Each structure stands twice: as structure tokens, then as C-alpha cells.
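Going line by line, the protein sequences match chains G and H.
Per the working numbering, the very first residue in the first sequence carries number -7; after that it's consecutive.
Per the working numbering, the very first residue in the second sequence carries number 13; after that it's consecutive.
Keep in mind the hints are simulated off the structure, nothing from the lab.
Computed from a predicted model, the values in this text were never measured in an experiment.
Any given hint could be a false lead.
[Claimed, not checked] Between beta-carbon pairs, the in silico distance windows are:
1) H:His15 with G:Ala49: 41 to 47 angstroms
2) G:Met238 with H:Gln154: 49 to 55 angstroms
3) G:Ser101 with H:Ala112: 53 to 59 angstroms
4) G:Glu224 with H:Val116: 54 to 60 angstroms
Even glycine gets a Cβ: it sits at the ideal position worked out from N, Cα and C.
Each chain is listed here by its residues.
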Amino acid sequence: MSITLFIIVSVIKIALILFVLLTAVAYTVWLERKVVGHMQNRWGPTRVGPFGLLQPAADGVKFLFKEDLTPPHVYKPLYIAAPMIAVVFAVTSIAVIPFGNWLNVGKISTPFQITDVNIGLLVVLGITSLGVYGVALSGWSSNSKYSLLGGLRASAQMVSYEIALGLSLVGVLMLAGTFSLRGIVDAQAGHFWGFVPNWFIFRGGQIVAFFIYLTAAYAETNRIPFDLPEAETELVAGYHTEYSAMKFAMFFMAEYANMITVACLASLLFLGGWRGPIFGPDWLQQLLPLFWFVLRVFAFLFVYIWVRGTLPRFRYDQLMAFGWKFLLPLAIANLVVTAVVVALT
Amino acid sequence: MLHLILFSVFGIICVAGAVNLLLQRHPINSALSLVVVMGSLAVEYLLLGAEFVAAIQVIVYAGAIMVLFVFVIMLLNAGEEEHTQGSRVAWLLGLPGALAITVVIAWALVQSEGSAVALGVTPDAQKAFGNAADISQLLFHQFLLPFEVTSILVLIAIMGAVVLAARPESERREG
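Work out the full structure, taking the sequences as your base and the hints as a guide.
As C-alpha cells, then:
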């Protein structure tokens, strides 16, 4: 592939994936309101469009036309930079995530992925670990006690749970033997005992790792039951108390984009990525993996929302104790067991 | 060529971040400058072909250690600091000393024959270091004992810090 063609294809892919991601973010918000609504015996959004489907667009317009208020007591440079930091790092991590196999159109052949790097998983972890600056700095620069407490809680919580999150993935890495996300999915091909798919969640006790990942991921994305940084009963809205209009929307977008990244990683690492039955004509064969992948991500997001509709919030000391005294030892134990399994087989 | 341009650009960003760290009067701005330094260092590693080191640099330094720095600054609510003129000794000895060290390091790098290889300029050298497999090969075969000893040392240091920071049992009961 020549360099110009490569650049053209890359730009198209980046634009397309950004568009899909941001649309997905908007509709995850809609899905959440709808599903939680039905769980609580109400309807959720119904007024704008059929089934309230145009609600995200209406919300977007509302955010754009709202007064963008900057309180006089904030430290301006960081107050403005913080939401940008949050949303940039949340969106960037999608760059290395593969959504499916290769796409062949005529002579052009390209993977369903912006770029395939051999340390893909580490890149995602690195970029998402930088996202905490957005939350921490917004809390500090707002110069308000509620924001500061929210920012402090968020940074302590995210650093703590990052360890358990990282350790839970090491088992998968040992089984796959590569950091490349594409390589990890390739390592999950086939079946064992004739019918059970070869996904990592079924192999070498990784179901424990999946549980640790799930829990730590909820904490990393500040979701119920770990949404202490924005606990409205005690902190008004936590770190984004002083934000309004589009700046507030950027934090919102960052949170949901992070949820989607986490869901993509879970599908790739534990649930076999885009593997599934493939049939039909050539174009269908190329697009079906994409469908299976999106289905997994959707299922994961649904569980996210389900948990939100079900569980109450932790107390802060419970959250820390749970992370350090239960999840971390469990992750280390899982690591040791997986190492033994890998050594024996 | 593109490599060299990018390398120079991020080198300049790195040095500018370090200078900014010293010039800023607010601790949180200094800490953020240090994040910029760590990030551009990671890009330099990446350009040298050491992608694993680059990723670890971002995850550990920019993503964890610097977050704790910012956390502590937020927790203590540290305010702006006054700039001092600096002592005369620092100007008289420090500046020439820093210059001398820079010159010596640069000279040593230029002189030694392996420098081109060590800097990863040749394609063979790029393949030979910095990826996960090579580093683990070194850490868990050649340097296994020093590596494990260091980890125990770090563990002892952490426990020491906890012991020093924790209030004695008697005080804790009172208050």
C-alpha cells in the first residue's frame, strides 16, 4: 500500500470511528435512561422522537446553547483544560482497539482498527491512566470544597483500583503470550471439549480474573456502586460541581467513552473478541465479526446499567478496604494459579 | 529523517517542561510540567524503538507516580511559593558544574563507538532492545538476583514508610 493511500485510508477510518464512538456515547446515555427507567417502573425518555430516540440530539443542542458560566473563584487555565484532558484521553484510547477482522474492498485491504501496535493493551492502560488528571485537576482548579473532595476521592480511587485492574489482565497475557489485542483475540480461536468456545473467561480460572476486571472497571469509570467522586447526596456533584454547559458535557462524554473502552477491552480479552458463527456471501462474512463484537460490547454496557439500577453506593472506607484487602490479594492469587496452570500445560 | 525531527521536537518539549518546572511558582503547575517531561521522555523511548519501556514510562510515571504528586499537592492545599534569588554558591558552582557534566556526557556518547547502536540508530539495534520479550529475558535470566533483591528492598522501604508515618498505638487511642 502506498503512503498516500495509507494516509487516506487512515483518515477515513479515524473520522468514521470517532463518529461511531461519539454516537455510541450519546446512545449509551439514552440506553441508560431507558433501561434504568424501566427497572424503576417508569418510561424514561419518550417525548423526543419515537421511543425518545432523538433525546441525545436534543440534549446536545441544549448543552451547546446553555450559558457557559465560569465562576469567578476558579483557577482558569486548569479549569478550562481539565474537561479537555478528560475527554481527549477517553477518546484516544479507542485508537488501538480492533473491532473485527480485515476488510477487503477491491485491492485495498485494511483491518477494522485505526492502528495495530504490538503493545496495544499497554497503550490502552497508559492512556486511560492519564485520564485521572482531568478529574483531579477539575476538582482542584474549581476552588470549591465539594469539587476538591470529589477530585481527591477520584484520584485515590482510580490509582488504587488500577493495580487490581492491571493484575487481573496479567493472567490473560500469560495465556495469550502477547500484548497485541489482535494477537490476544487470535489466541482465543477454536473450541475445547468440542463445543465450549476457547474464550479466556473459560480457561485457566480466568473467570475470577473477569470478576476482578469487572469490579475494578466500575471503580475506574466512577460508576455505581463506586461513584463516590460524584456522590450527589454528600458532594452536590463532586468534581464537576462548578461546571456547566459544554464543559460539563465533556466530563459526561469522557465517562461514557471510558465505559465503552472498558467494554471493548472486556470483549477482546475475555469474551473472544469478534469470534462467532460466520456464514453467507462474502460481504456478510466480512461484516459479521463486527456485529458479534458490537453485540458483546452492548451486553457488557447493559450489565453496567443493570448494576447501576440495582446496587447502592459503597461508603468510602468500604471502597478502599474492598480494593486493597480483597480485590488485590484475589488478583495476586489468580496470578499465581494461572502461572501454575500455564507451567503445567 | 522524520524520526530525527520528531526526536528533536520532543527533546525540546522535554527540556522546556523541565525548565518550566523550575520557573513555575505554583506546585501544581510544576507537577504538571513534570508530567509533560515524563510524557515526552516516553515518546523519545518510543522513537528509539523501545516501545515497552515507553508504555511502562507512561503507566508508572505519568499515570501513577505523578498522580500521587498531584494528589498530595491537592491534599495539602499548597499555595504559591516565593521566588528567591538563589544562593551565590549555586550560581558559582552549580552552573559550571551542570555545564561540565553535560559536556562530559555528550563527549562520551559521541566518542564511544557503540553510541550509534546504543541510541538505536541502526535498524538492527532497534529490534534488539526495548521490547517486552528482551527485557523479561534480561530481568528474569541474567539479572534475576539483583532484580529480586531490589524488589525486596523497595518492599522494605514501603514498610518503613508506613511504620514511620503511622502514629504509635498509644497516641491513636487518645485521639
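Hints versus structure:
no. : hint                                       : result
1   : H:His15 with G:Ala49: 41 to 47 angstroms   : holds (44 angstroms)
2   : G:Met238 with H:Gln154: 49 to 55 angstroms : holds (54 angstroms)
3   : G:Ser101 with H:Ala112: 53 to 59 angstroms : holds (56 angstroms)
4   : G:Glu224 with H:Val116: 54 to 60 angstroms : holds (59 angstroms)
When held up to the earlier numbered hints, the structure conflicts with none and fits them all.
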